[in-house]
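Enquirer: Okay, here's what each chain looks like letter by letter:
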Amino acid sequence: MGETPNEFQLNNPPADGISAVKFGPNSSQFLLVSSWDTSVCLYDVVANHLRMRYNHPAPVLDCCFQDAVHCYSGGLDNILKVYDFNTNSGTNVGTHDAPIRCVEFCPEVNVVVTGSWDSTVKLWDPRTPCSAGSFSQPDKVYTLSVCGDRLVVGTAGRRILVWDLRNMGYVQQRRESSLKYQTRCIRCFPNKLGYVLSSIEGRVAVEYLDPSPESQKKKYAFKCHRIKENGVEMIYPVNSIAFHPLHNTFASGGSDGFVNIWDGFNKKRLCQFHRYPTSIASLAFSHDGSVLAIASSYMFENEEMKYVPEDNIFIRNVSDQETKPKS
Amino acid sequence: MGRKKKKQLKPWCWYCNREFDDEKILIQHQKAKHFKCHICHKKLYTGPGLSIHCMQVHKDKVDKVPNALPGRNNTEIEIYGMEGIPEQDLKEHEKQKANKSGTKSGAQDDDDDDDDSNGLPPMPNQFMNGMPPMPTSVPGPYMPQPPMPPLPPGGMMGPMRPMGPMGPMGPMPPMGPGQMGHMGMPGPNMSMPPRPPNFMPGVPPPMPHKPAMPPQSTAAKPLFPSAAAAIQSTEVSGSPKMSTSMKPTFPAAAAITTASSSTASSISANATITGAPVIKKPESSSGLTSKLMHPDEDISLEEKRASLPKYQSLIPGKNTIQQGMPPVSRGPPPSQGNPRMRPPVPPPQGMMAMAQGMNMQGGPPMYNMPYPGSGSNFRPQQGGGRY
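From first to last, the protein sequence lines are chains L and A.
If you number the first sequence the way the numbering used here does, the last residue is 327 and the count never jumps.
If you number the second sequence the way the numbering used here does, the last residue is 387 and the count never jumps.
Any given hint could be a false lead.
Stated by the list, open to error - In silico SDA-like cross-links for lysine to any residue, where the CA-CA straight-line distance does not exceed 25 Å: (1) L:Lys-267 x A:Lys-31; (2) L:Lys-267 x A:Gln-28; (3) A:Lys-291 x L:Met-234; (4) A:Lys-281 x L:Asn-302; (5) L:Lys-267 x A:Val-57; (6) L:Lys-326 x L:Leu-193; (7) A:Lys-59 x L:Ser-215; (8) L:Lys-306 x A:Ser-313; (9) A:Lys-33 x A:Lys-64; (10) L:Lys-267 x A:Lys-61; (11) A:Lys-36 x L:Arg-269; (12) L:Lys-268 x A:Val-57; (13) L:Lys-267 x L:Lys-306; (14) L:Lys-267 x A:Cys-40; (15) L:Lys-268 x L:Pro-245; (16) L:Lys-268 x A:Lys-281; (17) A:Lys-291 x L:Arg-275; (18) A:Lys-43 x A:Asp-21; (19) A:Lys-61 x L:Gln-216; (20) A:Lys-42 x L:Lys-306; (21) L:Lys-218 x A:Ile-39.
Claimed, not checked - Which stretches of chain L does chain A cover? Using the computed rule of at least three CB atoms under 8 Å from a CB of chain A, they are: (22) 48-61; (23) 282-294.
Everything labelled a hint here was simulated from the structure, so no lab data went into it.
Even for Gly, the Cβ is constructed at its ideal location relative to N, Cα and C.
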């Protein structure tokens with residue numbers, strides 16, 4: 001279980017649960033980390049050094065880069081903040097009526113998207129920055145992902161909505177999750193063909209956006225992140241999915257502490273890393289797919305837990321062998 | 001597995017009654033003969049697996065297991081090797097065999113290599129494998145048996161015969177079944193008192209590898225490298241007993257779930273807070289007990305966590321509406337307190353959610369103020385802005 005030569009732990013990890021890790025848009029040097037300790041931290045991964053840090057009044061549930069020097073973050077304080085790393089200053093952009101669960105930037109449309117437990121998705125124009133619209137969702141937003149100019153939203157009640165970011169006047173597709181349990185994470189394929197959806201019940205579905213029957217036929221789901229121990233099968237939430245930006249393969253991280261890399265088109269698992277100390281809360285590939293950031297952070301899945309394991313971020317250099325489809 | 005006493009029988013195929021020397025071969029046979037997809041020739045692992053594969057992959061219905069005897073072609077029964085054979089068929093088969101060839105000897109149930117992975121001491125296998133060669137030197141309680149490696153079909157031995165010689169082998173250091181064949185047994189030990197615990201003359205030894213191998217573990221085996229993702233999920237969803245599967249293809253099931261979840265949510269939206277709907281327990285697809293490592297309420301881990309007092313205290317706008325919450329001093333500087341400590345038990349989830357929902361609405365912080373909004377009979381809603 002020790003560290004491997006191609007992996008190391010970040011110094012000065014957040015003092016409480018890690019909610020999200022995100023790599024910068026053009027380099028694998030900077031990693032943005034939001035945490036339940038109310039901070040958003042910018043790490044220099046190369047130097048293994050905490051470069052910058054700012055705080056919200058309350059725990060932060062998600063963050064994203066807009067460009068190399070700006071990031072957005074939101075959390076339990078309902079406030080969306082933008083932070084400028086150059087000037088080292090943060091600004092409140094706007095609020096939701098309930099905690100902000102997801103923050104994403106869509107470069108194609110140049111818009112920041114937030115999803116909240118107030119059952120809305122809001123768009124924000126990063127140029128001003130100001131609100132560019134609020135769009136009601138059928139239920140609390142648990143996860144969202146942008147896919148070119150499309151937005152896939154996963155809400156409580158296992159609902160999935162596909163929006164067109166260029167025309168938010170109507171919902172492009174309404175779907176129900178093909179998994180029977182609460183939606184945990186949705187991430188879109190970099191090739192924009194579809195998305196991967198995970199549930200709290202150790203399962204991942206691969207789905208296609210194209211509603212034609214031929215495409216829909218290809219969708220499938222599989223079980224993962226389950227451990228059999230003493231005749232009991234423990235089924236863990238799949239908390240995080242991260243796509244390799246070039247190969248269209250993806251990593252899944254579960255509360256079992258494992259990270260798997262999958263080739264979704266060929267239905268193959270490419271590899272599994274060693275078991276991390278506790279739940280995988282978030283995963284992120286760098287822009288070129290050479291580095292995977294792994295946040296191992298207890299998520300209160302198990303109420304009987306006596307002590308809370310430490311929160312750590314592992315930076316792993318991954319090879320093509322681990323991430324490229326074997327053709 | 002109701003199959004323990006079956007020790008003395010050779011593995012046989014439920015679908016066609018053919019017998020095999022080795023369960024491994026039997027499984028190969030089943031995959032090739034009975035579980036092969038007629039369209040893409042993919043070899044599946046079980047009958048249900050095959051039918052689901054065809055349904056999902058080829059949209060083709062397979063309602064009979066190919067090459068099976070009449071009455072034995074049910075695709076819903078999950079059989080893998082000797083696993084899963086209905087009890088009565090087992091008994092019947094046993095009876096038949098007993099009648100037919102009661103005098104033949106040689107318990108020859110070759111175990112497959114899977115056992116090694118089960119962490120069982122391989123010794124029971126050794127009995128089996130080691131047996132044939134040794135008899136000459138071993139005076140058993142019965143007469144020595146001729147070496148008879150591959151048993152003729154129908155070979156059914158008096159259960160005790162092989163036992164004698166086997167006894168001594170128990171204590172030997174574990175070794176791969178492969179090597180066993182060469183093990184000569186010192187004859188003299190043979191009838192010695194120290195016997196392996198499961199050596200019981202006259203009683204077939206318990207089938208050691210079976211119990212350790214839960215019925216489905218085999219089915220789960222295809223797990224990864226082999227593109228089995230689809231199969232797996234399908235296997236699960238297809239077989240009637242399991243309901244855990246995600247099954248886009250069964251709109252009915254899906255509809256039910258939605259219906260239930262939406263009713264649940266609408267209830268919680270209108271009623272006083274009763275907490276979130278409860279997640280139904282997953283049913284195990286593998287016959288194992290399964291445990292969902294998630295709180296019971298059907299809310300996200302983050303919502304649950306956010307309801308912990310240590311975080312609630314950080315949320316601006318906490319107000320007095322939430323009875324049951326200890327009065328909280330607002331806005332302690334972040335990252336204070338001991339984040340590693342597990343906070344005391346949070347108040348009921350519903351409360352928190354409601355509190356959250358409410359305090360959002362007021363805009364300006366209204367700490368410790370009664371909610372001004374809709375009068376005293378305002379019904380807080382779970383999760384804020386739900387409609």
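Enquirer: Evaluate each hint against the coordinates.
Expert: Here's how the hints hold up against the structure:
Restraint check for L:Lys-267 and A:Lys-31: the C-alpha separation of about 21 Å stays at or below 25 Å, so the hint holds. Restraint check for L:Lys-267 and A:Gln-28: the C-alpha separation of about 23 Å stays at or below 25 Å, so the hint holds. Pair hint A:Lys-291 plus L:Met-234 holds up; C-alpha atoms about 5 Å apart against a cutoff of 25 Å. Between the alpha carbons of A:Lys-281 and L:Asn-302 the distance comes to roughly 15 Å, so the proposed pair stays at or under 25 Å and holds.
For the given pair, L:Lys-267 sits about 13 Å from A:Val-57 by alpha-carbon distance, which is consistent with the 25 Å threshold. Proximity of L:Lys-326 to L:Leu-193 is assessed by CA-CA distance (about 20 Å); at most 25 Å being required, the pair is judged to hold. Of the pairs offered as hints, the one joining A:Lys-59 and L:Ser-215 holds, with about 14 Å between alpha carbons and a cut-off of 25 Å not exceeded. Straight-line distance between C-alpha atoms of L:Lys-306 and A:Ser-313 comes to about 22 Å, which keeps the hinted pair within the 25 Å bound.
Only pairs whose Cα atoms come within 25 Å are accepted, and A:Lys-33 paired with A:Lys-64 is accepted, the gap being roughly 13 Å. For the hint linking L:Lys-267 to A:Lys-61, the alpha-carbon distance of about 23 Å falls within 25 Å, and the restraint holds. For the given pair, A:Lys-36 sits about 23 Å from L:Arg-269 by alpha-carbon distance, which is consistent with the 25 Å threshold. At most 25 Å may separate the alpha-carbon atoms for a hinted pair to count; L:Lys-268 and A:Val-57 meet this at roughly 16 Å.
The suggested pairing of L:Lys-267 with L:Lys-306 is violated, with an alpha-carbon distance near 38 Å, which exceeds 25 Å. With a C-alpha separation of about 16 Å, the suggested pairing of L:Lys-267 with A:Cys-40 holds against the 25 Å cut-off. Between L:Lys-268 and L:Pro-245 the CA atoms are separated by roughly 18 Å; this keeps the pair inside 25 Å, and the hint holds. Of the supplied pair hints, the one linking L:Lys-268 and A:Lys-281 is violated, its CA atoms being roughly 28 Å apart against a limit of 25 Å.
The suggested pairing of A:Lys-291 with L:Arg-275 holds, with an alpha-carbon distance near 19 Å, which does not exceed 25 Å. Restraint check for A:Lys-43 and A:Asp-21: satisfied, since their Cα atoms lie roughly 21 Å apart, inside the 25 Å limit. With a C-alpha separation of about 19 Å, the suggested pairing of A:Lys-61 with L:Gln-216 holds against the 25 Å cut-off. Proximity of A:Lys-42 to L:Lys-306 is assessed by CA-CA distance (about 48 Å); at most 25 Å being required, the pair is judged violated.
Only pairs whose Cα atoms come within 25 Å are accepted, and L:Lys-218 paired with A:Ile-39 is accepted, the gap being roughly 17 Å. Here the segment 48-61 of chain L counts 6 residues with a CB under 8 Å from a CB of chain A, which clears the bar of 3, and the coverage holds. Three residues within the 8 Å Cβ limit are the bar, and the segment 282-294 of chain L against chain A gives 0, so the coverage statement is violated.
The structure fails to meet hints 13, 16, 20, 23 from the earlier list, while all remaining hints are met.
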